[in-house]
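Colleague: Chain by chain, the residues run as shown.
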Amino acid sequence: MSYLGHVLVHLRKDLQLEWRSRDSVNGMLFFALLVVVVFSLAFDPTAAMSRQIAGGILWLALLFASTTALNQAWTREQRNRVLEAQRMAPAPPSALFLGKALSNLLFVAIVEVVLAPLFAVFYNLHAVGQGWLMAAVLPLGTWALVCNGTFFAALGLRTRNRELLLPLVLFPISIPALLGMMQATTAILTGAFEPGPWIRLLIGYNIAFTAACLLLFDTVLNAE
Amino acid sequence: MQRSRIFGPLGLVWFLLTLAVIVYATRLGLLLSPPEATMGNVARILYYHVPHSMLSLVFPYVNFGASLAYLYRRRRDPLKALTADAIAISAAEVTVVYGSICLVTGMLWGRVAWGIWWTWDARLTSMLLLWLLYVSYLMLRKLSSTGQAHTLAAVLSVFAAIDVPIVYMSIRWWRTQHPAPVFGGGPDSGLDPSMKPAFGWNVLAWALWGVFLLAMRYALERRKQQREQDAALQAIEASLEMAQ
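Line by line, the protein sequences give chains A and B.
For the record, in the first sequence the residue sitting at position 220 is 231 according to this note's numbering, with numbers rising by one throughout.
For the record, in the second sequence the residue sitting at position 57 is 75 according to this note's numbering, with numbers rising by one throughout.
Derived from the structure by calculation, the hints contain no laboratory data.
Every value quoted in this text rests on a predicted model; they were computed, and no experiment measured them.
Warning: the hint list may mix true and false statements.
In silico DMTMM-like pairs for lysine to aspartate or glutamate, Cα to Cα no more than 25 Å straight-line [what the hints assert, rightly or not]:
(1) B:K98 / A:D229
(2) B:K160 / A:E29
(3) B:K242 / B:E255
(4) B:K160 / A:E205
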């Protein structure tokens with residue numbers, strides 16, 4: 012089977028498993044919504060000010076929501092000793108990583124598709140800058156979070172206090188990407204400055220870290 | 019089994035030399051070099067702050083190099099790989115210590131010179147993020163189960179090394195309030211020649227001290243690794259005896 016074939020098999024497996032219970036997506040959706048509501052209580056912005064903070068709040072809500080779901084993605088592999096089987100299988104380990112990261116990307120994308128219109132409603136938002144650029148920023152930003160998140164969730168699989176470790180390790184590494192996605196979103200919403208450099212930063216970040224994740228996943232899977 | 023002494027003769031010589039240079043450099047910085055033009059004696063903390071900042075940017079690379087060496091040697095020569103791993107954790111700890119000193123002394127100086135404890139400008143934010151990255155490295159090591167900790171931490175170190183230049187560039191785009199770089203910043207920048215000796219000696223002093231800390235920590239880590247290996251050997255031998 013080709014590499015792409017392996018990736019698709021893993022992707023299909025994760026999608027099917029998630030479809031049966033729909034735990035992750037429901038949990039993420041509700042969590043993100045709660046974060047948005049809590050932030051509104053915290054800041055209670057006027058329409059003008061809300062454009063300045065909405066970008067940051069959106070990505071924070073997605074960051075926290077995806078962190079809660081990322082750990083669960085790997086616990087699926089630990090039941091019935093599936094992870095040992097994956098290690099022994101001749102398929103390339105990075106295909107497992109890529110399949111899982113793509114499935115997580117889809118789940119977070121579903122959350123975004125529901126959340127972004129809600130956001131516009133809660134904060135009375137309309138983009139002053141080039142709104143269509145959000146179609147570029149959303150996938151790039153989400154991939155940055157999900158790619159590193161899936162990798163670090165695998166890193167923490169056999170540690171004690173696994174749920175705590177993911178944010179501790181993910182957040183520092185993701186800060187340039189977070190800065191990029193938040194600044195780009197704010198630039199698009201307020202129209203006050205150019206989102207271009209931030210989108211380029213996101214693209215560069217994604218290329219660098221996707222390559223690193225694919226190359227190093229084998230090491231992490233066989234860490235003993 | 020042959021144990022390496024923590025304080026061999028070279029270690030003792032290095033320690034005494036380091037102490038001597040620290041005393042000399044501190045005397046130069048605190049007493050002998052001229053007070054700074056605008057800030058007076060307050061600026062003397064910079065003889066402590068700037069060397070630590072510069073050095074806290076060097077030790078991450080030591081950690082990175084050692085982590086790469088560990089990943090390379092992991093399957094080829096496991097015993098040598100442990101040496102690389104010991105260097106990696108020592109360098110990470112020294113980075114966190116030097117980074118903490120840089121941040122705290124910088125805050126103290128900033129409070130007096132700028133009136134604020136903190137600001138989110140390019141340099142401070144980058145330094146804080148470097149510190150956060152290496153603290154997360156140490157947390158990963160602490161929370162990982164033994165046997166895996168080395169490899170996982172080495173992988174994280176590679177990620178941190180890729181991240182550091184990206185952080186630097188991105189934060190730089192985001193803000194600038196820190197005074198323009200003193201060295202190579204423009205026609206008016208640069209250290210007054212009368213201050214250069216104090217500065218140079220301080221950099222040397224804290225570099226020597228940093229290497230000493232690294233070596234001490236390395237020796238401690240090696241002892242710990244050897245003790246673990248001995249314990250593992252004893253456990254294996256005990257299980258063999260029981261099997262008979």
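Colleague: Now tell me if each hint is right for this structure.
Modeller: Evaluation of the provided hints:
1. B:K98 / A:D229: holds, 21 Å
2. B:K160 / A:E29: violated, 32 Å
3. B:K242 / B:E255: holds, 20 Å
4. B:K160 / A:E205: violated, 42 Å
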